[in-house]
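Student: Count along the sequence shown starting at 1, add 172, and that's the number in my numbering.
Quick caveat, the hints were computed from the structure, so don't treat them as lab data. Hints should not be assumed to be uniformly reliable.
As the list claims (entries may be wrong) - Okay, derived cross-link-like pairs now, EDC-like style, lysine to aspartate or glutamate, Cα gap no bigger than 16 Å in a straight line:
| hint | residue 1 | residue 2 |
| --- | --- | --- |
| 1 | LYS296 | GLU269 |
| 2 | LYS261 | ASP187 |
| 3 | LYS417 | ASP452 |
| 4 | LYS244 | ASP364 |
| 5 | LYS244 | GLU332 |
| 6 | LYS244 | GLU292 |
| 7 | LYS296 | ASP354 |
| 8 | LYS345 | GLU403 |
| 9 | LYS345 | GLU332 |
| 10 | LYS261 | ASP185 |
| 11 | LYS296 | ASP452 |
| 12 | LYS296 | ASP185 |
| 13 | LYS417 | GLU441 |
| 14 | LYS417 | ASP390 |
| 15 | LYS261 | ASP228 |
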Amino acid sequence: MTSQSMGTGRLIDVDGIGTYVQETGSGHPIVLIHGAGPGATGQSNWSRNIEALARDFHVIVVDLPGFGQSQKMQIPPAFFEFYGLHIGKLLDAMGIEKAHMVGNSLGGGASMMLALRRPEKVGKLVLMGSGGGFPVASVMPSTGLKMLTGFYEAPGPSRERLAAFIGEMVFDKALITEQLLDERLQAATAADVVACPPFAFRDGRPPMPDDVWRERLDRLPHRTLIVWGREDRVMPLDNGFILMKQIPDARMHVMPNCGHWAQWEKADEFNALVRQFLRD
């Protein structure tokens, strides 16, 4: 299992929002869309997957607006739809007709909304610990989600709070490295992020997502792979069951001894699974 740094990317203007992308590899394009945790960036979320996926595909790693090196902003209501449509416009700006979507958490919900609103832009869907489902058994919001949305609340961001949150994201805390914490903390505490956290509370409440599961997922024509960590404490496994049931051409792969960050914690298994699914 290796990590790959992609070097310098570029900012693309998408409806007046500077959106940072990095690219590597050749072949059919795939877009890797990260989650929403503090310090999240495309590079940090997908560092253990980029090299493997680039063997077969043109890999596009995006920093969503509000994150990483993209323009900072608070996310609007119905943020899955906002980000999904934004990715579609990004592809338009890049001259890309269609791409596979690989979405983690927030990125999964955004991928589904793009597929619903602009199905012609999407090839296949890979949804990993995806937002947009419904908890049929677990209590939501989970502890992990509460830690995510409350990260910038008093007493404010800290290395200790970040370590606790990442500890909720993985099954095996021994995998958490000082380098990972350093990189995430640097991104999470950058002055422009602290001044405008994407998931900041408003009127005492975190931003509320749109209910993707209420959409007509039964009309999605896209082949879909749903990947979940069995021990996910941020977006518990049962959130994915309704997606598997409603999306007609969906199959689900559950990884034991794995938390919310399956693409990082079980990178070799994830990479092999996704490469095979997207190649078939």
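Student: Could you tell me which of the hints above the structure violates, numbers in ascending order?
Tutor: Those not satisfied are hints 3, 5, 6, 7, 12, 13, 15.
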